[in-house]
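Using the sequences and the accompanying hints, generate a full structural model.
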Amino acid sequence: MPSAPMVIFRKELKDALRSRLFLFLVGGLCAIAVLSLVVASAAFRAKVVDYQSYVQELKQAGIAAVPPPQFFPLQMLRATIEYLEIVGAIVAIVIGYGLAAKEKNRGTLRLIYSRPISGSAVVRGKLLALAVIWVAVIAVLGVVLVASIRIVGGTGLTSLELTKLVITLALSWVYLFIWSALSFGLASRTKQLSTALIAGLVLWLGFVLIIPQIGDTMDPDNHVPGGLFKSFQITSKAEEVAIMGHFSGFETARNLIEETSISKQFERPSFAYLGAKDKYNQKSLGYIWHDMWPKIRWLLLGAGLATALALAQTRKRILGRGLA
Amino acid sequence: MSNVFLVARQEIRFALRERLAVALLVIFLGMAVVSSAIGWASHHTVTRVYDLTVAQTGRAIPNPFADTSPLEVVKNTIIYVVLIGALLAIVVGARSFIRDRRSGVTELILSRPTSLRSYVIGKLIGVQAWLGLVLAAAAAATWIAVWLVESAPLSGGQSLRLLGFFVLAWVFLLPFVAIGLIAGARSGSESTALLAPVLVWVAFVFVLPQLGTAQNPTSLLNPVPSAAPTGDLFFKINHAVLQPISFTEHFKHVAGVLLQLRDIDPAGAGRDLAFLLVMVAVSVAALALITRTAVRRPLYA
Amino acid sequence: MTDIAITTTDLTKHYGDVAALDSVSLDVMEGEVFGLLGHNGAGKTTTVSILTTLLEPTSGTAVVNGHDVAADSAGVRRSIGYLPENVQFYDGLTMFENLSFFGRLSGIKKPADRIHEVLEFLDFTGHESQRMATFSKGMRQRVGIAQAILHDPAVLFLDEPTSGLDPTGVRMLRETITRLNTELGMTIFMNTHLLAEVTKTCTSIGILREGRLIYRDSLEQTLLSFPAQDSLEEIYLHIGSVQA
Numbered sequence: 000m001p002s003a004p005m006v007i008f009r010k011e012l013k014d015a016l017r018s019r020l021f022l023f024l025v026g027g028l029c030a031i032a033v034l035s036l037v038v039a040s041a042a043f044r045a046k047v048v049d050y051q052s053y054v055q056e057l058k059q060a061g062i063a064a065v066p067p068p069q070f071f072p073l074q075m076l077r078a079t080i081e082y083l084e085i086v087g088a089i090v091a092i093v094i095g096y097g098l099a100a101k102e103k104n105r106g107t108l109r110l111i112y113s114r115p116i117s118g119s120a121v122v123r124g125k126l127l128a129l130a131v132i133w134v135a136v137i138a139v140l141g142v143v144l145v146a147s148i149r150i151v152g153g154t155g156l157t158s159l160e161l162t163k164l165v166i167t168l169a170l171s172w173v174y175l176f177i178w179s180a181l182s183f184g185l186a187s188r189t190k191q192l193s194t195a196l197i198a199g200l201v202l203w204l205g206f207v208l209i210i211p212q213i214g215d216t217m218d219p220d221n222h223v224p225g226g227l228f229k230s231f232q233i234t235s236k237a238e239e240v241a242i243m244g245h246f247s248g249f250e251t252a253r254n255l256i257e258e259t260s261i262s263k264q265f266e267r268p269s270f271a272y273l274g275a276k277d278k279y280n281q282k283s284l285g286y287i288w289h290d291m292w293p294k295i296r297w298l299l300l301g302a303g304l305a306t307a308l309a310l311a312q313t314r315k316r317i318l319g320r321g322l323a
Numbered sequence: 000m001s002n003v004f005l006v007a008r009q010e011i012r013f014a015l016r017e018r019l020a021v022a023l024l025v026i027f028l029g030m031a032v033v034s035s036a037i038g039w040a041s042h043h044t045v046t047r048v049y050d051l052t053v054a055q056t057g058r059a060i061p062n063p064f065a066d067t068s069p070l071e072v073v074k075n076t077i078i079y080v081v082l083i084g085a086l087l088a089i090v091v092g093a094r095s096f097i098r099d100r101r102s103g104v105t106e107l108i109l110s111r112p113t114s115l116r117s118y119v120i121g122k123l124i125g126v127q128a129w130l131g132l133v134l135a136a137a138a139a140a141t142w143i144a145v146w147l148v149e150s151a152p153l154s155g156g157q158s159l160r161l162l163g164f165f166v167l168a169w170v171f172l173l174p175f176v177a178i179g180l181i182a183g184a185r186s187g188s189e190s191t192a193l194l195a196p197v198l199v200w201v202a203f204v205f206v207l208p209q210l211g212t213a214q215n216p217t218s219l220l221n222p223v224p225s226a227a228p229t230g231d232l233f234f235k236i237n238h239a240v241l242q243p244i245s246f247t248e249h250f251k252h253v254a255g256v257l258l259q260l261r262d263i264d265p266a267g268a269g270r271d272l273a274f275l276l277v278m279v280a281v282s283v284a285a286l287a288l289i290t291r292t293a294v295r296r297p298l299y300a
Numbered sequence: 000m001t002d003i004a005i006t007t008t009d010l011t012k013h014y015g016d017v018a019a020l021d022s023v024s025l026d027v028m029e030g031e032v033f034g035l036l037g038h039n040g041a042g043k044t045t046t047v048s049i050l051t052t053l054l055e056p057t058s059g060t061a062v063v064n065g066h067d068v069a070a071d072s073a074g075v076r077r078s079i080g081y082l083p084e085n086v087q088f089y090d091g092l093t094m095f096e097n098l099s100f101f102g103r104l105s106g107i108k109k110p111a112d113r114i115h116e117v118l119e120f121l122d123f124t125g126h127e128s129q130r131m132a133t134f135s136k137g138m139r140q141r142v143g144i145a146q147a148i149l150h151d152p153a154v155l156f157l158d159e160p161t162s163g164l165d166p167t168g169v170r171m172l173r174e175t176i177t178r179l180n181t182e183l184g185m186t187i188f189m190n191t192h193l194l195a196e197v198t199k200t201c202t203s204i205g206i207l208r209e210g211r212l213i214y215r216d217s218l219e220q221t222l223l224s225f226p227a228q229d230s231l232e233e234i235y236l237h238i239g240s241v242q243a
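Protein chains in written order, with numbering that gives the first Met the number 0: chain Y, 0 to 323; chain B, 0 to 300; chain V, 0 to 243.
Quick caveat, the hints were computed from the structure, so don't treat them as lab data.
There could be a bad hint or two in this list.
[To be verified] These stretches of chain B come out as covered by chain Y in the derived footprint (C-beta under 8 Å, 3 or more residues):
(1) 7 to 16
(2) 32 to 40
(3) 248 to 256
[To be verified] What follows is a list of derived Cβ distance ranges for each label pair:
(4) Y:Leu-284 with V:Ala-69: 33 to 39 Å
(5) B:Val-166 with Y:Gly-26: 37 to 43 Å
(6) V:Asn-85 with Y:Thr-259: 57 to 63 Å
Ideal Cβ positions, reconstructed from N, Cα and C, are used throughout, including at glycine.
Here you go:
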């Protein structure tokens, strides 16, 4: 007897492939990613032009030239990750919501649940479909990014860089799956679909936009152009930490606020692998993994919780709430 | 004209009963309070950091917070309007038509002596009216919150500026309501009706400014608008072409001037306001994309 | 001696303070075409929802094909087919794909042959690769019946099957129900308003009024028991007014 979850899974994949929405989604994400690459590449070129005129000035003043800016292709993907963090999450919410909403709105749940299938078969099939759909989207995006780096950046990726990119894309998959599973679980649970949509949007606003923004607002260094401590000619991190030590309560609150954001748990390891910050640029895989494991762990826990929420919506619960 | 107000009144009636619209009110009020509280906490702490650093280093640099307006604590509200306000305006607009199409009520309305134009404009007015009420409540909550954190009420002039900011926010949200209405009326599925305008929002809030300024998306969440890099031709051209339609940046600029934010250059505020109003007019004109055929199409989930 | 296909004992369903069903006890024998009649809100859909295990009763028992709806709901679902009112499908998929999906969920490993067989029985071939979005109401209803009988159920539940159908569609449905009963031996449990159709299709009837079963008998006996009434409609209204 064919397994019900696999039947549901295959049907969802078929639906997705035929859906213009799905094509729109993949196309839109790829377009935004390529656009970001083009902008990053142009920004790098602008940096090189600025560098060259700076070197001219130094030469005229008789000062030895400083090293030129180095090109690290993965750094060009920083904006892409930020788009996945912000835009990808909202797309994931709508996709997850839609997977539940279409059954409820049509009334096909009655046809499905009048069949001899087990309690969580529908949910398992749909979650599997969500996971595979995002694998497909991320895979297409990955191919587009590698090709774009070659075309726009004029360079290929080394095997180490490629590995780092694959790890970053894997983290992206986990992050997007979290939002889809969460949204699907909410939409399966609530009697009114609009409640699930509101809840999804509020969670997105809170964890993706507002909490990180609060964290940035509370960072003293962001209140003066160029940095507050730099304006005092304080360049040593130790001195900065010593001063902020007097405000440990505030700093603890700020860090705690930032740590609650699942998007930060995704962003930081991703940036580390892309070498977006100098600390991790060109570092080994092991080094980065060791440093970022606490964040990655939280991300995986988030995926587990979102999946658990969705799986909790069994046949009995859904029918018991009069949702079919 | 009376049909326009009939439809508008119906929208407000739904708003009072629908969870989404009520949630919008609660979120905006919460946002107003949180913004002021966070703004004050940051300002207060950073001032203490400055004082301590001056005492410890003996280096005297100008206090970055000297002579800042009390409205500075409200700065984050600009971003909350762009993020929360615009997104919720889209969702409320889209759901207005989704609700009618799903229930089959569009057939009943269009079979009456009501023009499609009245129907659409009525919806726009109704949703905008509700947003107006929400923003008025948010303005009052912000005024009270600022009084509490600053231990003094805003002066008459500052209160007018705050009010002006919320009026500007109301105008700024209209194009997003229109985009939501168009998507809700024309899309074949509820998911597309929500997703398509969100992607349009992403384009205006992130992609267009990024093309013109090379700023990364999270940097664009800064209430201070970004400046274009001066050297590169790519950005010069993009900035020149895209600047008139980057109306979220225009909103941020004009809002910053109204709130007297210290990092905002008031030059060009009049021009940016004009661009913003042009975008509002264009979005109202775009409502013509809503046709009888479109709204009568079945809606699939 | 025919077995009992469906039996309910003091079946009750409350929604808060409202009793949607109040101690309903009825038997439907194998091979019957049973029509459940009643005004809007009488509890007909609630009854069918409980018997198809989509709803749990507040109290009382129901047994379908020897399986208790509460204790062995999967067993019930293996032996029934169900056509809800205003059935909907996945519009982006073809008819064949929709039927294949529901057939597999019913446990049919390779449904293709069975789908063709059922469509031929229903005289509805030639539309397999058409998307459901293009189907009229009558066509959807035929697909609805197809999905309900793919797995050859012993009992078929139909909730307002003639709702929204034109006269041709109503006749088609009547003929189909009769054939399912006489040729395939299916027991049919049908909610309906169309009393004219009940007269032509059903072998027994029950009448629900405000959640209570106020009448139950064979159609033949019913028509004999009320000689003063000319039609089933008048009998129905008479019984209803007596009970009121």
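Checklist entry - Can you list which hints this structure breaks, lowest number first? => result 1, 3, 4, 6
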